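Trainee: One line per chain: the protein sequences are A and B, in this order. In terms of this note's numbering, the first sequence has 182 at position 202, counting the first letter as 1, and numbering is strictly consecutive. For this note's numbering, add 543 to where a residue sits in the second sequence, where the first one is 1.
A hint or two may mislead.
Unchecked claim - Calculated cross-link-like contacts (lysine-lysine; reagent style BS3-like; alpha-carbon spacing at most 27 Å): (1) A/K112 <-> A/K147; (2) A/K125 <-> B/K742; (3) A/K113 <-> A/K125; (4) A/K110 <-> A/K121; (5) A/K125 <-> B/K833; (6) A/K407 <-> B/K559; (7) B/K593 <-> A/K411; (8) A/K121 <-> B/K833; (9) A/K423 <-> B/K559; (10) B/K742 <-> A/K112; (11) A/K113 <-> B/K742; (12) A/K423 <-> A/K33; (13) B/K593 <-> B/K689; (14) B/K742 <-> A/K159; (15) A/K125 <-> B/K839; (16) A/K159 <-> A/K61; (17) A/K148 <-> A/K121.
As the list claims (entries may be wrong) - The following label-pair restraints were derived from C-beta to C-beta distances: (18) B/D674 <-> A/P421: 30 to 38 Å; (19) B/G803 <-> A/S217: 53 to 61 Å; (20) B/G803 <-> A/Q183: 37 to 45 Å; (21) A/K375 <-> B/R686: 53 to 61 Å; (22) B/E882 <-> A/F222: 27 to 35 Å; (23) B/A785 <-> A/G75: 51 to 59 Å; (24) A/F222 <-> B/F654: 39 to 47 Å; (25) A/L406 <-> B/A885: 49 to 57 Å; (26) B/D674 <-> A/K375: 25 to 33 Å.
What the hints assert, rightly or not - For the chain B half of the interface with chain A, some residues (derived, Cβ under 7 Å), not all of them: (27) F654; (28) L655; (29) H732; (30) P842; (31) T844; (32) Q846; (33) H848; (34) F864.
Please keep in mind that the hints were generated in silico from the structure rather than gathered at the bench. No experiment lies behind these values; they were computed from the predicted model shown. Note that CB positions come from ideal geometry on N, CA and C, so glycine has one too.
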Amino acid sequence: MQQHSHPTPQSLAAYSVGEKRVNPLEEEGPRSKIADPCILVIFGATGDLTARKLVPALYNLAREGQLSTHFACVAFARRPKTSEGFRQEMLEAVGKFSRVQPVEENLWNSFANQIHYHPSDFDQDEGYEKLKKLCEDLDRKLGTKGNRVFYLSTQPKYFPDIIARLKKHGLIYEPGDSKERFSRVIIEKPFGHDYKSALELQQFIRTHLDESQIYRIDHYLGKETVQNLLVFRFANSLFESFWNNHYIDHVQITVSEEIGIGTRGAFFEEAGILRDIVQNHMMQLLSLVAMEPPSSLDGNSIRDEKVKVASAIRPIDLQNFSKYVVRGQYGPGFINGEKVAGYREEPHVNPRSVVETYAALELYIDNWRWAGVPFYLRAGKRLPKRTTEIAILFKEIPQILFSQGGKKQEPNALVMRIQPNEGISLKINSKVPGTGSPIQPVKMDFNYSSYFGLSPPEAYERLICDCMLGDGTLFARGDEVLTSWRLLTPILERFQETPPSDFPNYASGTWGPEAADKLLAKEGRTWRVL
Amino acid sequence: MTKGSIELCHIEEELKRLRECESGKHKVHASLFNLIIYVDQEERTALYEKLIKTVVSHFPSRILLIVAHPQGEDHLSSQVTAETLQGGELEIFCEVIRLEVGGAFLERIPFLVLPQLLPDLPTHLLWASSDLRDQGVLIPLERIAKRVIFDSERISNLREFSLSILHLLSQFHAEVSDLNWSALRPWRHLLANQFATDKELRSLEEATLIRLTYAMDHQNLSEIEAAYLQAWLATQLNWKFARMERSEENIRLTYQRTGGEVALLLAPERNSGLPAGALSSIEVESAYEKGHTLFKRDPFTRQVHIQYSNALCCLLPTYTFLSSLKADDEIIDEIFSQETSATYRAMLHTLSQIPWK
């Protein structure tokens, strides 16, 4: 065999950054990034999330050329299945849930070969040893370099055991591993069910993982419209000057769903809307709207500012609890003209349940920017329509020039529609043409789909790709999560201590209990009509 | 579309009429940018009319299509039309202004364009001409553009072309893109992905022969993408150009690399099923482990068959996919690119050192 001379490292074209060699073929710019080679292990892969979101996301990443060809997905679940059988199920799921249709046969056939099913219980050491061996085999065959991402799509009670066993069997590495491979864990919400459990979970996980290895997923952060909040605020000089208590009267953040709890009765009975939506999604929205400009766009700088503003939220005054917090539970009613059952009639729900399906809060941020500006948050199931929006309501003008017969002019409103009908609108007052000079509010509207007709990536596509790239910007950090639990846990405890006697207190298809209207009315305000 | 030519001074009036007539009502008049398309070859005009539909199907915009006839009689005419795209539940109304300009009237083009631009929006110039000389059109238009996108297909002298672009880059204030460069992005992506580990990179760095096969057109002037890709590889791997040999079958470019020489062959292929100029395969022979890697594209899909073997083993073939590459998607990518690519600039520099005919 011919002997080859081996060129010295200095003579090779690629240059090194520290110890790591840079690929000379990789190009500048975020769009050229392809996820690093890795194996994604999904725990609880026979659940709904994998079929509806995760595998369709991976398929679309492959379709867009963003998934490394050195990639494998291992589905780790208890039900006995074969890899082939699981692939067939996932093909059906992608056919139903992928944002791009139809499924490309050639692409699917290639992609499906990278999916493997590994049946095992979460608490069986043997299962983890076999997983390790499977991953090592895949490393050799596919060049996945020993990199691992573990997606915990299971009930939270399994998190500690899974993480401990992964560490025990050498599937999770120490950070700064000498073999230059990575291991990361994606954890689905809820992260704990109150402050104490979240802290315990955090402390437990930190004994096995470094914070840089933990990716707490909140899919709202993967939404284009949510990411646009930072661009809107900080890529436009116009808004920063009036983004404060001198000009803003109050902020309304709404997450409204017309659906009920469906088949999630068992989960919802343990959670309630405060844990399901307010603690995570709404607190993220509030932080992004209220935070100070970060010093840079790296993940930690942004998250530092989010934690800072969340820490400044005034704890709820428990002496005047009902002045600031309203809860509700939907009863029977009508949605889209169809009769629907009340919460207590839903499957797996206690007929005398006191779990809240609606919550409204009045919060204050005690800092120079926001002192005195109420943030009204409301979230609910079985409301008239599905909508998530952030509305900035500005102060009224001095009613001197254009008040007509005592009628006040409407204050300006800047509304950021997160979903659906994604866009931003600004309500201003305008003169109606004619001699009478009446004034009419009008809307300047930017609609995403009008300008960007492309089908944007789904949130999970972005988030999974970012995790594989090691970018934690769009994931919640430990202190963020604990800060929001610290704020909401006293509310949860008060809910527990004082079971409501008036549930259900709003009909399905209405905008929630009357008490929620009174929350604003006491200050002369009203909820926006959505 | 207006039935015949209309006077320039009536363009806005006609657009207003179109907006307010039955087909224009209840539509959103949104625009993201102005796009000026300058085309000076009759046979390519239809191509750009199709491209306009692609652009407006993605983003509402005002399009100025300038069809120039440099050798023609002096003349000037204009027409307007409206394209409609679906934006969610809404229909979006996009305006297209077509100017036919011939002979000595070409010098008026910059003056014709200015009043037709929508204010406060970025202007992009798609220069769909192989003629990069400034004849009083390109430079004045560049001054109002945020981005100039070149689309040169029929280039007989790549060296002159790359030198011209490099010269323009040094003069332009606008960012520069190149559709042929953009068309290669999926291949560059794929190669970066495939030659990612140390061993894989070494296999490429110690290549002895790289064959780039491309779909041939009847004039065999379709080697630009293959030429770009080989220049990109040479630049990124720090290979120095040594010599070029041209034969009936291929063009052979030899580069000096660490430890020896590497030959890059550009080989045209008839009846590949792909559009003229599109790459159909890339083959890498390497001194390292006597490796051989083949990337072969399926002409009807985005699938690329990958085969690797060396002196000791032959791996099972695998497949991957070129990242989404629908026809004319390059223009969409380039409009929203940020800066002139440093890699593109370096590639042109390498290309300019090669004595293309």
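Trainee: State for each hint whether it applies.
Mentor: For each hint, the structure was consulted:
no., hint, in the structure
1, A/K112 <-> A/K147, "holds, 11 Å"
2, A/K125 <-> B/K742, "holds, 12 Å"
3, A/K113 <-> A/K125, "holds, 14 Å"
4, A/K110 <-> A/K121, "holds, 16 Å"
5, A/K125 <-> B/K833, "holds, 23 Å"
6, A/K407 <-> B/K559, "holds, 26 Å"
7, B/K593 <-> A/K411, "violated, 43 Å"
8, A/K121 <-> B/K833, "holds, 20 Å"
9, A/K423 <-> B/K559, "holds, 22 Å"
10, B/K742 <-> A/K112, "holds, 24 Å"
11, A/K113 <-> B/K742, "holds, 23 Å"
12, A/K423 <-> A/K33, "violated, 35 Å"
13, B/K593 <-> B/K689, "holds, 23 Å"
14, B/K742 <-> A/K159, "holds, 15 Å"
15, A/K125 <-> B/K839, "holds, 25 Å"
16, A/K159 <-> A/K61, "violated, 34 Å"
17, A/K148 <-> A/K121, "holds, 25 Å"
18, B/D674 <-> A/P421: 30 to 38 Å, "violated, 54 Å"
19, B/G803 <-> A/S217: 53 to 61 Å, "holds, 56 Å"
20, B/G803 <-> A/Q183: 37 to 45 Å, "violated, 58 Å"
21, A/K375 <-> B/R686: 53 to 61 Å, "violated, 44 Å"
22, B/E882 <-> A/F222: 27 to 35 Å, "holds, 32 Å"
23, B/A785 <-> A/G75: 51 to 59 Å, "holds, 53 Å"
24, A/F222 <-> B/F654: 39 to 47 Å, "holds, 41 Å"
25, A/L406 <-> B/A885: 49 to 57 Å, "violated, 39 Å"
26, B/D674 <-> A/K375: 25 to 33 Å, "violated, 59 Å"
27, F654, "violated, 30 Å"
28, L655, "violated, 27 Å"
29, H732, "holds, 5 Å"
30, P842, "violated, 12 Å"
31, T844, "holds, 5 Å"
32, Q846, "holds, 5 Å"
33, H848, "violated, 10 Å"
34, F864, "holds, 5 Å"
Checked against the numbered hints above, the structure violates hints 7, 12, 16, 18, 20, 21, 25, 26, 27, 28, 30, 33; every other hint is satisfied.
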